[in-house]
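Novice: These are the residues of each chain, in order.
There are 2 protein chains.
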Amino acid sequence: MNFSHPAGGPLGGGGAMERCRRLLEPALREAVSVLHPWGARMAAFALGWSDADGRPYQGDGGKGVRPAIAMLSAEAVGARAESALPAAVAVELVHAFSLAHDDIIDHDERRRHREALWKAYGVGPALLTGDALLALAVQQLAGAPEAMKFLSAALVELVHGQSADMAFENRPWRGPKEVTIGEYTEMAAGKTGSLLGAAAAAGVALGGGTPEIADRMWTVGRDLGVAFQIADDMLGIWGDPGVTGKPVHNDLRRDKKTLPVLAALATDSPAARELSAVLSAGVTDEESVRQAARLVEQAGGRTAAQAMADRYVSAALEALDECLPNATDLRAVCAGLVNRTH
Amino acid sequence: MNFSHPAGGPLGGGGAMERCRRLLEPALREAVSVLHPWGARMAAFALGWSDADGRPYQGDGGKGVRPAIAMLSAEAVGARAESALPAAVAVELVHAFSLAHDDIIDHDERRRHREALWKAYGVGPALLTGDALLALAVQQLAGAPEAMKFLSAALVELVHGQSADMAFENRPWRGPKEVTIGEYTEMAAGKTGSLLGAAAAAGVALGGGTPEIADRMWTVGRDLGVAFQIADDMLGIWGDPGVTGKPVHNDLRRDKKTLPVLAALATDSPAARELSAVLSAGVTDEESVRQAARLVEQAGGRTAAQAMADRYVSAALEALDECLPNATDLRAVCAGLVNRTH
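Protein chains in written order, with this note's numbering: chain A, 1 to 342; chain B, 343 to 684.
Hints should not be assumed to be uniformly reliable.
Stated by the list, open to error - Chain B residues, not near chain A, derived (Cβ > 12 angstroms throughout):
| id | residue |
| --- | --- |
| 1 | 452 |
| 2 | 476 |
| 3 | 481 |
| 4 | 491 |
| 5 | 644 |
What the hints assert, rightly or not - Taking beta-carbon pairs under 7 angstroms as the criterion, some of the chain A residues facing chain B (in silico):
| id | residue |
| --- | --- |
| 6 | 39 |
| 7 | 40 |
| 8 | 101 |
| 9 | 167 |
Don't read these hints as lab results, they were simulated from the structure. Glycine included, every Cβ here is placed at the ideal spot set by N, Cα and C.
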């Protein structure tokens, strides 16, 4: 794994990713085509297919990693990738739904180098577009209860994780009510991991794999999600906004309980105590934000975050190797998931 | 039917309604109990169980007509009401989800004599609570593909109808781009009817009824929904805010294409032409709102709306009598649905 060099290279499993993307796109376009014309236009923007005026857009419409995991999981149990297309479409739609709603909730104005959906169309229309994407996702798997079980569990966990993340913002950095790393991990497994778990497990289910393999892949996905969320936290502090497409340091400004900061504070070193004081005073101006980021690194928060992400990826890949030993493409995509720059 | 006297009496099938409510509440509370504590508190407010501070609230938490339809539909095909509980819980949760999101979209500040959820807790938290309610709804039926087929179709139609309703607001009252009564009907069948249809059809499916009966009950629900939406439109113009719990005339102020107004304009009478002029000038002050409401009635919009609602209820009841001739309780609830004051 190349996670210590986040600028190191493209997502793992490049050929397989491309193959999955080609299978996904027509199915995804067909799913969205039933929407109200007005909703379809906003959905096309949300999915990166068009700009805010409806003109074709050649941008970064997302990497399609969740659908790839669904399809490659089906292949890994001996089925054709196509058999998992309903799950692939569903998880990509849920992902787009969650981004549309999260940007409203977090007041994030930028997404993938463009305006967020709500900035482009307004809160009400963006909210409704998210609902539409979710409704279509559910419809994809309505007739496949084994796969639906995982999708619906992921939806419940996703919202639970997002609620926990929001509730964390109002909790203090230090003291009896501080957010623990255990609580963070549970939040990340829900908010970020559950949909990866649903992708893998629903792919296995649609590919005819056993319920035992599906359940284990659910856990693999959740562990990957924890690593992915930590990597995202790190990009939020040390990432290049020109690459990530999002402003840097937003998380620090709004008291988000990200892993690098929690890990830094947990060291209780002099830098950690200084960090605690800076954070408690409220990080608002550019100078205090930079100072906080520097102290997180000095206190060892960056190293600890990276080590924890590495541990979760290793655990996920070990479990994957045990339950699906010949899943080369799937393994490459999972291993590459956290080795990302944006 | 007593629709011409909207203050005439309680919802039909009172005893059956009460019986269904007693079955529903523990199941609904259990479903919501898995939410994040913070989300559970907002959900309890949304469902009318507590006030904004979390204290028990003895108010109008909704009439529970959708869950009653689900359970009585199961009884009508010879099953116990309990067999349809997952559908009953699911449709009540979807209903609460749609109210939470609709109030954000429509900037409605009041709901059931209280603040709307977003006014009490903020847009982001209310949005997320809606998502949580929807996720729980989907989970209820994840293992029941026959019922899930109807729930997911209803979700897609509900969002489609809501999109159409929003898009209508930006269309002119008269001219080649005016909203037709056909378009209105399709919107209402989706926005309001689909969830009633899903309640009935999923109840039939969980009760072991045939797919043919389920499909026909889906149509019955959609027709009832058109009538219900028209009745709601009428309450929005001539209802008593002290009874409905919502301000009157909001629809007129925001150019909502409601049936009484569309029907009034379609008469092309002198009153209709005057109404058209008033609406085109923009209805903002209290005087022009009252004038518009008066002209709708003068042009025959109130009578026409009532006649159309009556027709849709009659068609629904006829279809119900044909396919489930002995469903006394279900029939009473369906017949009483449009005979409402709030």
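Novice: Against this structure, judge whether each hint is valid.
Specialist: Hints versus structure:
1. 452: holds (17 angstroms)
2. 476: violated (7 angstroms)
3. 481: Violated, because the least Cβ-Cβ distance between residue 481 of chain B and chain A comes to about 4 angstroms, which does not exceed 12 angstroms.
4. 491: violated (5 angstroms)
5. 644: Fine: 29 angstroms to the nearest Cβ keeps residue 644 of chain B off the interface.
6. 39: holds (5 angstroms)
7. 40: Residue 40 of chain A check fails; min Cβ-Cβ to chain B is 9 angstroms, beyond 7 angstroms.
8. 101: holds (6 angstroms)
9. 167: holds (5 angstroms)
When the structure is compared with the earlier hints, violations turn up for hints 2, 3, 4, 7 and for no others.
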